[in-house]
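J.: If you want the building blocks of each chain, they are given just below.
There are 2 protein chains.
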Amino acid sequence: MEQQKRTEIATLGEFGLIRRLTADIPLKNASSLKGVGDDAAVLNYGDKRVLVTTDLLLEGIHFDLTYVPLKHLGYKSAVVNFSDIYAMNGRPCQITVSLGVSKRFSVEDIEELYAGIRLACEIYGVDLVGGDTSASMTGLTISITCMGEAEADKIAYRNGARENDLICVSGDLGAAYMGLQLLEREKAVFAGESDFTPAFEGREYLLERQLKPEARKDIVAALAERNIVPTAMMDISDGLSSELLHICTQSNVGCRIYEDRIPIDYQTAVMAEEFNMSLVTAALNGGEDYELLFTVPLTLHDEVAAIPGVRVIGHITAPSLGCYMLTRDDTEIALRAQGWNSLAEETADEKNEE
Amino acid sequence: MEQQKRTEIATLGEFGLIRRLTADIPLKNASSLKGVGDDAAVLNYGDKRVLVTTDLLLEGIHFDLTYVPLKHLGYKSAVVNFSDIYAMNGRPCQITVSLGVSKRFSVEDIEELYAGIRLACEIYGVDLVGGDTSASMTGLTISITCMGEAEADKIAYRNGARENDLICVSGDLGAAYMGLQLLEREKAVFAGESDFTPAFEGREYLLERQLKPEARKDIVAALAERNIVPTAMMDISDGLSSELLHICTQSNVGCRIYEDRIPIDYQTAVMAEEFNMSLVTAALNGGEDYELLFTVPLTLHDEVAAIPGVRVIGHITAPSLGCYMLTRDDTEIALRAQGWNSLAEETADEKNEE
Chain A
35 MEQQKRTEIA
45 TLGEFGLIRR
55 LTADIPLKNA
65 SSLKGVGDDA
75 AVLNYGDKRV
85 LVTTDLLLEG
95 IHFDLTYVPL
105 KHLGYKSAVV
115 NFSDIYAMNG
125 RPCQITVSLG
135 VSKRFSVEDI
145 EELYAGIRLA
155 CEIYGVDLVG
165 GDTSASMTGL
175 TISITCMGEA
185 EADKIAYRNG
195 ARENDLICVS
205 GDLGAAYMGL
215 QLLEREKAVF
225 AGESDFTPAF
235 EGREYLLERQ
245 LKPEARKDIV
255 AALAERNIVP
265 TAMMDISDGL
275 SSELLHICTQ
285 SNVGCRIYED
295 RIPIDYQTAV
305 MAEEFNMSLV
315 TAALNGGEDY
325 ELLFTVPLTL
335 HDEVAAIPGV
345 RVIGHITAPS
355 LGCYMLTRDD
365 TEIALRAQGW
375 NSLAEETADE
385 KNEE
Chain B
35 MEQQKRTEIA
45 TLGEFGLIRR
55 LTADIPLKNA
65 SSLKGVGDDA
75 AVLNYGDKRV
85 LVTTDLLLEG
95 IHFDLTYVPL
105 KHLGYKSAVV
115 NFSDIYAMNG
125 RPCQITVSLG
135 VSKRFSVEDI
145 EELYAGIRLA
155 CEIYGVDLVG
165 GDTSASMTGL
175 TISITCMGEA
185 EADKIAYRNG
195 ARENDLICVS
205 GDLGAAYMGL
215 QLLEREKAVF
225 AGESDFTPAF
235 EGREYLLERQ
245 LKPEARKDIV
255 AALAERNIVP
265 TAMMDISDGL
275 SSELLHICTQ
285 SNVGCRIYED
295 RIPIDYQTAV
305 MAEEFNMSLV
315 TAALNGGEDY
325 ELLFTVPLTL
335 HDEVAAIPGV
345 RVIGHITAPS
355 LGCYMLTRDD
365 TEIALRAQGW
375 NSLAEETADE
385 KNEE
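These protein sequence lines are chains A and B, in that order. Just add 34 to wherever you are in the first sequence, counting from 1, and you've got my numbering. Just add 34 to wherever you are in the second sequence, counting from 1, and you've got my numbering.
A couple of the hints might just be wrong.
Copies of one chain are not kept apart here, so a pair can be met inside one copy or by any two copies together.
To be verified - Here are the simulated DSBU-like pairs of lysine-lysine, each with C-alpha atoms no more than 35 Å apart in a straight line: (1) 62 x 39; (2) 221 x 251; (3) 251 x 82; (4) 251 x 62; (5) 246 x 39.
Because the hints were derived from the structure by calculation, they are not lab data.
If we strip away everything but chain A, and leave its shape as in the complex, we get (with noise of 0.2 Å):
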């Protein structure tokens, strides 16, 4: 491997690192009329609303340095609050970055993970407009909070599904979960070698959903340009279960949904043969998708089925018809809020008892 050069942090200092991480951060957006420097930014949105959401990643929690390199990393923390934006049907436009840095990382890595966030910001028209950098007595932790504007009228909420409305889903599910397992899997095989290359051959596109996920800028914008505003959406972060139930809990709405309508990538099934797993499981758990989940009334059928990349898999029914999944062979599956959730120690049947 090419030996790279290492700055300390230290030579630096605080002041000095986040003078040359935020150098020359040109403004693209009109509402953003102040950036980095100051004790706050200053965002203009006039009539518009501004909608704000936050993440907090944390390092062996959240990623596992051993193999996701701090450019991704970068990029995948920016898309990830992106996501949430788009999810409320609006457009971001500002992130402010916030990191803890333990001495293990130098000003080029650190430098690295701002390339990722940086580039993450271009291609989607986001300034990045405040933050800091700090010690940390372990490990790297980041911090990103993503503003954003909607009109008034379009912002898609989560609690208002109704009755008959028809279910929707972009992409496919379950692929950056299979990327994890893949990941996961070469990592425990070459553990203690290091400089491993493993053969990721033919699953390209599952570790790409996993290490550099996008969020659905497009799908919003095709939803825009057919003036279609979902009753509700969310994005797909903790697995399409959760999030479903997430969205049927705050509508005071049941669902049915169909197994056989999940869209599911090639890549992603040959995984979960291999891996001897559950496919639906995969789909319907698996989590960091980052697709968007929306409900639109049952009219715009057609419409919405027109959107490439956009499948329509269920509906929305009264809230005593509670929430199921019906299965190829016409069984009736309750859905479960089994996603994401490292703070719990649940058994599989407590699971089952929500």
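Given the structure of chain A, go ahead and fit chain B onto it with the hints provided.
T.: Only chain B this time, still in chain A's reference frame:
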């Protein structure tokens, strides 16, 4: 000590904990349209400017739970963000809170922390509109983002100080730093003993300044009452010297401040003597005062000097004259950015070169 109830976070899970922490949070600001419970909070600022600031606090770096009660920590975490918004001559309106929590903490611990955050929000009229809580490998991580509003022509940046402007500070300086020294000394003295109750009598003010600082909402209000818009403003979190250099650099000006004008509390002076520390160093470089440092045109001298709790400490000069403090014995000492800087391992000499 009374036995307190301890609920393991695992018994609630991530969603359960968030629900419990964010239940019944009423929204107080007209600009808070939608709070906790969706992908993003929704705000409406009409024609006002939106201010955004963020702060990441890490256990072992920014706080020491040996002597910081969790409720105080929550209060302070929120208040330091409000302080950044006031420092822009704005009004804080919303915060989002993200927590990373290791298994060492119980549900009651996190509720204590939240109780402090909620109390600060109540006192300052700020809405808690979002955030998340996740597991962490070690310790406690707190990330707070604060949004505020300001009228476009009232915002005080760091780059607006002009030659001959008066330099003003609110309150007194160095007390929070002395409070920290006191706590650290008592911690060392009582190391190993649990249940320690050191004698802090007569030093309550220093401890309060360190453990439960307030943001100077009153000063911002007093300025507004008198129709005074500072030409530049910052809050003093890294020490007067460091902050004043920020203003001078960004405004391209120099400054003269006078040692005998720097406001210092009696208890601060007594402690400095007891610790055999330089009082002026504590006041210049101590940090965590969360007082306001601002500049106003010379013509406003009488008006600004009449505001209770505000002291004029010097004036802005041409940039060629540099940044100096005139001591009591008429010596000019160059101001140095010696503030909090845990990433740097500078020697005293290196610091002098800045």
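J.: Each hint should be assessed against the structure and marked as holding or not.
T.: Hint by hint, here is what the structure shows:
In the homo-oligomer, the alpha carbons of residue 62 and residue 39 lie at most 35 Å apart inside one protomer (31 Å), although the nearest pairing across protomers, at 51 Å, exceeds that limit. In this assembly of identical chains, residue 221 and residue 251 lie within 35 Å of each other by CA distance solely inside one copy; the values are 33 Å within and 53 Å between copies. Both within a single protomer and between protomers do residue 251 and residue 82 lie at most 35 Å apart by alpha-carbon distance, with minima of 19 Å and 28 Å respectively. For the identical chains of this complex, residue 251 and residue 62 are neighbours both inside a copy (17 Å) and across copies (33 Å), given an alpha-carbon limit of 35 Å.
Taking the closest pair of Cα atoms, residue 246 and residue 39 come within 35 Å of each other only inside a single copy of the chain (25 Å); across copies the shortest separation is 43 Å, beyond that limit.
When each numbered hint is compared with the structure, no violation occurs for any of them.
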